[in-house]
Amino acid sequence: MGPLAPNGIISENTNFLLAFFIGIAFGFVLESSGFSSSRKLAGIFYGYDAVVLKVFFTGAITCMVGLLFMSLFGWIDLDLVYVNPTYLTSAIIGGVIMGAGFIMGGFCPGTSFTGAAIGKIDAMVFVGGLFIGVYGFAFTYPWWEKMYMAKYLGEPKVSESLGMKDGLFGLLLIIAALLMFVVAEWAEKKFPREEY
Amino acid sequence: MKPLKLLALFIIPLGIILAAVPADKTRRFKLSADELLQEAGAGVQFISPDVIADMLVQKDPSLQLVDVRTPEEFEAYSMPGAINIPLSNLLSDEYTDILNQDARMNVFYSNGSVYANEAWMLTRQLGYENNFVLEGGLNYWFGNILSAQAPAQTSPNEEFAKYDFRKSAATALGGGGVVTTEGSAPTVKAVKPAVTAKAKKKPAGGC
Chain F
1 MGPLAPNGII
11 SENTNFLLAF
21 FIGIAFGFVL
31 ESSGFSSSRK
41 LAGIFYGYDA
51 VVLKVFFTGA
61 ITCMVGLLFM
71 SLFGWIDLDL
81 VYVNPTYLTS
91 AIIGGVIMGA
101 GFIMGGFCPG
111 TSFTGAAIGK
121 IDAMVFVGGL
131 FIGVYGFAFT
141 YPWWEKMYMA
151 KYLGEPKVSE
161 SLGMKDGLFG
171 LLLIIAALLM
181 FVVAEWAEKK
191 FPREEY
Chain U
1 MKPLKLLALF
11 IIPLGIILAA
21 VPADKTRRFK
31 LSADELLQEA
41 GAGVQFISPD
51 VIADMLVQKD
61 PSLQLVDVRT
71 PEEFEAYSMP
81 GAINIPLSNL
91 LSDEYTDILN
101 QDARMNVFYS
111 NGSVYANEAW
121 MLTRQLGYEN
131 NFVLEGGLNY
141 WFGNILSAQA
151 PAQTSPNEEF
161 AKYDFRKSAA
171 TALGGGGVVT
181 TEGSAPTVKA
191 VKPAVTAKAK
201 KKPAGGC
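Protein chains in written order, with this note's numbering: chain F, 1 to 196; chain U, 1 to 207.
Just so you know, not all the hints are guaranteed correct.
To be verified - When the alpha-carbon atoms are kept at most 25 angstroms apart in a straight line, the in silico DSS-like pairs for lysine-lysine are as follows:
1. U:K2 with F:K190
2. U:K5 with F:K189
3. U:K30 with F:K157
4. F:K189 with U:K2
5. F:K190 with F:K40
6. F:K190 with U:K5
7. F:K40 with F:K120
8. F:K40 with U:K2
9. F:K40 with U:K5
10. F:K40 with F:K189
What the hints assert, rightly or not - Pulled from the structure, derived: some chain F residues nowhere near chain U, Cβ distances all over 10 angstroms:
11. E12
12. I121
13. E145
Read the hints as simulated data drawn from the structure, not as lab findings. Ideal placement from N, C-alpha and C gives every residue a C-beta, glycine not left out.
Build the full structure now, drawing on both the sequences and the hints.
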């Protein structure tokens, strides 16, 4: 049956419409979880607030469990689900830039929009920086192209490269996530911050 | 601490279930019976032996011949550059990369065209592209390409062009009665230029 759009069950346009509503819901959940506060977001790097880790990892393992079960029931063909191709060099460099920007700016791209939406000036400045980066990259793309396309790995799955079943890797990831949550909550108590 | 415990209580059992069940190995057919019937009826899967002969002579790298007969039959005779994927093993994982790709053109052949057609139907239903069937199979290949019969004197020019092409292709591919009388070593060298010149005419004859 699924995925809906590639199998022609819903049209591309319906797909975009659904994406629009899901996007709004995503923004709403981000804002109501406190993700529009740069102090709360940056807390993950200093240990006083691990809500970023908890929300995103809970989202990831919930989605993983849901997809694996739907695949098990024959509701979705995971081979047809789009996976971002991996370009190792640009993934590492991009990760470093994104992480540095996160620490310095206190937002990641999505949360900066939630912050800007409720009128936070620092978030608006961050969004401005985001656009400068996007356009800067686009206009100077030929300079980076070789590095950008380097070390193409296709669409590797961790479970495949470890030679284990998807389900088993899923269980290990769930346990790893829960252990991280325990450590994060310990850190929140260990490095408390009075007011933020 | 409470929400974390709740989450753990809920999600760990689900994870254990996922780890315990076997991985989903079933393959779902991607084409409906109607769509397949339409394609099979139109005969879109068939590639004329003349086209294959031309590609073989030109050493076209996009051509991948796939012998779907048994390994014994494959050992006894196979077409140049062919690989053996017995029909009974067609769906095994080791062949997926060969059958499901968009770079090369796989052409199935068997003695007739029945088994090759079965292979095509299976791969097509799985949604794989670029798989074809050698029209007429090896029987036609032997009878009409490797040992082409001269057309009657009154035949149209196209028939003669086709015959000329088939004869030179047969020599280049080392088949047919012609080669056995001449020996194999010199024929390859001798024929190559003649074939490339003739090859241009072939599509007109073949189609």
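| request: Take a quick look at whether F:K40 and U:K5 sit within 25 angstroms of each other, Cα to Cα. | output: This hinted pair holds, its Cα atoms lying about 23 angstroms apart.
| message | Beyond 10 angstroms on every Cβ pair: is that true for F:E12 relative to chain U? | response | Given a closest Cβ separation of 19 angstroms, the condition holds.
| message | Would the hint linking F:K40 and U:K2 be met if the CA-CA limit is 25 angstroms? | response | Roughly 21 angstroms separates the two Cα atoms, so the pair holds.
| task | Quickly compare the C-alpha distance for F:K190 and F:K40 to 25 angstroms and report which way the hint goes. | result | holds, 16 angstroms
| query | Is F:E145 truly not at the interface, in the sense that its beta carbon sits beyond 10 angstroms from all beta carbons of chain U? | reply | holds, 23 angstroms
| message | Would the hint linking U:K5 and F:K189 be met if the CA-CA limit is 25 angstroms? | response | Measuring from Cα to Cα gives roughly 17 angstroms; hence the hint holds.
| message | Minimum C-beta separation from F:I121 to chain U exceeding 10 angstroms: can you confirm that? | response | holds, 33 angstroms
| said: For a C-alpha distance cap of 25 angstroms, please report whether F:K40 and F:K189 respect it. | reply: Judged against 25 angstroms, a Cα distance of about 15 angstroms means the pair holds.
| said: Does F:K157 sit within 25 angstroms of U:K30, going by the straight-line distance between their CA atoms? | reply: holds, 24 angstroms
| task | Decide if the proposed pair is consistent with the structure: F:K40 and F:K120, CA atoms, cutoff 25 angstroms inclusive. | result | holds, 14 angstroms
| Are U:K2 and F:K190 close enough, with their CA atoms no more than 25 angstroms apart? | holds, 19 angstroms
| query | Is F:K190 close enough to U:K5, meaning Cα to Cα at most 25 angstroms? | reply | holds, 20 angstroms
Going through the hint list in order, the structure satisfies each hint without exception.
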